[in-house]
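K.L.:
Listed in order, the protein sequences are those of chains L and C. For reference, each letter of the first sequence is one residue, going 1 to 344 in the working numbering. For reference, each letter of the second sequence is one residue, going 1 to 291 in the working numbering.
FYI, nobody ran anything at the bench for these hints, they're computed from the structure. Please note that the accuracy of each hint is not assured.
As the list claims (entries may be wrong) - Which chain L residues face chain C? A few, computed with CB under 10 Å, are given here:
1) 73
2) 127
3) 140
4) 152
5) 153
6) 154
7) 156
8) 159
9) 162
10) 201
11) 202
12) 274
13) 304
What the hints assert, rightly or not - Cross-link-like lysine to any residue pairs, in silico, SDA-like; alpha carbons within 25 Å at most:
14) 120/C to 305/L
15) 330/L to 90/C
16) 131/L to 283/C
17) 330/L to 86/C
18) 131/L to 90/C
19) 131/L to 169/C
20) 131/L to 120/C
For each residue, glycine too, the CB sits at the ideal point set by N, CA and C.
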Amino acid sequence: MTDTTSTMAPIRTAAGTPIAPGRTPWKHEAVGFVLGFALLALLPLVFGDTYARHILIMAFIYAIVASNWDLSLGYGGVFNFGHLALFGIGVYAYSLLTKLAGLDPWIALFASGIIATLAAILVTIPILRLKGIYIILVTFGFAQLVMQVILSQSDITGGTQGIVRIPGLYWFDHNMVRDGKSAYFYIALALLVASTLFLRVFVRSRAGASIVALRDNEEYAISRGISIVRQRMLTLAASAFFTGIAGAFYAAYQRNASIDVFGMSLATIILSMVLLGGTSTIYGAIIASFVLTVFAEWMADFGAWRPMITAVLIIGVMLAYPSGLAGMIKAAWGAVAGRIKRPA
Amino acid sequence: MSALAEILFGGLFQGSLYAMMAVGLALVWTTIGVFNFSHGVFMMLGAYVAWQLVELGLPAAVAFPVAVVVMAGVGWILQASVVRPLIGRPNIVLVVVITTLAAGSLIENGALTIWGPRSKQIPALIDGNATIGGVGVSLHQIAIIVITPLILAALWMFLNRTRLGLALRAVAQNEDASHLVGLNVTALYGLAFAIAASLAGLAGIFMGGYRFMSPVMGSDPLLKALIVVVFGGISSISGPIFAAYLIGFFEAACSYYFGLYWTPALLFGVLILTLMVRPEGIFASRSRGLA
Chain L
1 MTDTTSTMAP IRTAAGTPIA PGRTPWKHEA VGFVLGFALL ALLPLVFGDT
51 YARHILIMAF IYAIVASNWD LSLGYGGVFN FGHLALFGIG VYAYSLLTKL
101 AGLDPWIALF ASGIIATLAA ILVTIPILRL KGIYIILVTF GFAQLVMQVI
151 LSQSDITGGT QGIVRIPGLY WFDHNMVRDG KSAYFYIALA LLVASTLFLR
201 VFVRSRAGAS IVALRDNEEY AISRGISIVR QRMLTLAASA FFTGIAGAFY
251 AAYQRNASID VFGMSLATII LSMVLLGGTS TIYGAIIASF VLTVFAEWMA
301 DFGAWRPMIT AVLIIGVMLA YPSGLAGMIK AAWGAVAGRI KRPA
Chain C
1 MSALAEILFG GLFQGSLYAM MAVGLALVWT TIGVFNFSHG VFMMLGAYVA
51 WQLVELGLPA AVAFPVAVVV MAGVGWILQA SVVRPLIGRP NIVLVVVITT
101 LAAGSLIENG ALTIWGPRSK QIPALIDGNA TIGGVGVSLH QIAIIVITPL
151 ILAALWMFLN RTRLGLALRA VAQNEDASHL VGLNVTALYG LAFAIAASLA
201 GLAGIFMGGY RFMSPVMGSD PLLKALIVVV FGGISSISGP IFAAYLIGFF
251 EAACSYYFGL YWTPALLFGV LILTLMVRPE GIFASRSRGL A
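This is chain L alone, in the form it adopts within the complex (with noise of 0.2 Å):
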């Protein structure tokens, strides 16, 4: 097997911010969860266009996909480019569920995030005893597989037609059409919460400080008793079933599926989101998923330009951030309480 990390060394030493020794005690942790999602569900009273509240709908939605991705690939040190299958699965999953089996939207809703959580089970048994690019490879290639088969059932899945009218969620009698989008929006604050909530118990478990312990030294963390391949599908399944949800619900959203979720250009966005936020940290990708949302939206009238910019912005960011917007945050705050404390 190839080992490309160590024998490049000498060349420049890793730039970066060292993490810091412990981790934030789970109190502050709380309070600021708890006052960051209260801001969040506040939002709703400042922006009353139904428009702004697409966008935080859809922030929330790639959050949810970023920061799960998060943790298979910042936590779980595993290169898995199949993360937007598991999105496009839950998608057609709900679709297909609610438009032909006519099932409850919620209960379909819920099913879709078990369908993808299996389907990650599936897709974690041929990478289970490869590394870096190989896994890279397969989850890409997993991730092409998923799409060819829905395109090839067109009679079933509509081929590049994709499927229209589907299902939305419902809340009893409400109408959810007139609303201004304020039930989609907490429908979405609520998954996002729930998802960010089990991300975050999840790492900071035992099993999430074994499956990092796998990705710092694998070596090391087997001869510890660790099972890689236990931890390594737990990760990914674990990863799954939030992104299932949110691939239902953007269905659910949408009213309407397409192949297009299956495209790199989404998977480009989602991954320069974990990346730009910062691998594993969890918020860091719900923070970049904001900023490249509303970023991408404020530059809607760019045309080609926007995808440009944006492609540029994520090199500078890479080349100068390393760690990514979580790591900018940190440096900075580290700048600011460090001033506090000495005073002049």
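Following the hints, put chain C in place on chain L, whose structure we already have.
P.N.:
For chain C alone, kept in the frame of chain L given last:
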């Protein structure tokens, strides 16, 4: 008879294109240890540069080589801007994936802005058609089938018989030792990218000669090249070449017997199966290096 001829011809032709793409990917991977996801965009850009030169009035015999040289420059610049600054980072494999993807998106949308979405076509290498074994083929495709092995053989000679090629192989085998004996490793990284980009550009010119070009034309060949390098083993040059032709034949046979829709699914099935049985590729030895 004609079925066999069709599969044989289709396999040789597709295999040639895949080999040109896959060799570049493998060359970059073995020397620098990164995976270049903008490789498909190189293909597209090569075709567009050639088209532009022909449009400016250059004869194809001049325009094509110039476009290949331009692509070498593009490869070098890309390497210097989004790969070299990252060398030494602990997570270089991952970060280079995203920077090359972003660079690919930049070039793709740049091409869209400059040349527009309308399809274009560049002149064929040789005009005309022929019938071989009951199958109608164009002379352009025959030319590709003949030229590609010559180019690959030239590349093999370069890597095995010249000092520069040997230096490139040395870097692939051991960077530290290459530094110690005074090789300019940075320049060799650039060279690997330049060769890869010009090969991809040439593949693009070949493709633009028989099919309409579009800014996204490189994404499907890149995908196939990915399968090829996994199938043949990424850490060598000869492995991907053989694999490219095998995959070409497999694809031609699949699309003949199972139809176009099932071919990609079957290809990926083979890919996943290969990785489960022989993760280092079917032709690969277990050591890393160019051979």
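K.L.:
Of the hints given before, which are not true for this structure?
P.N.:
7, 9, 10, 11, 20
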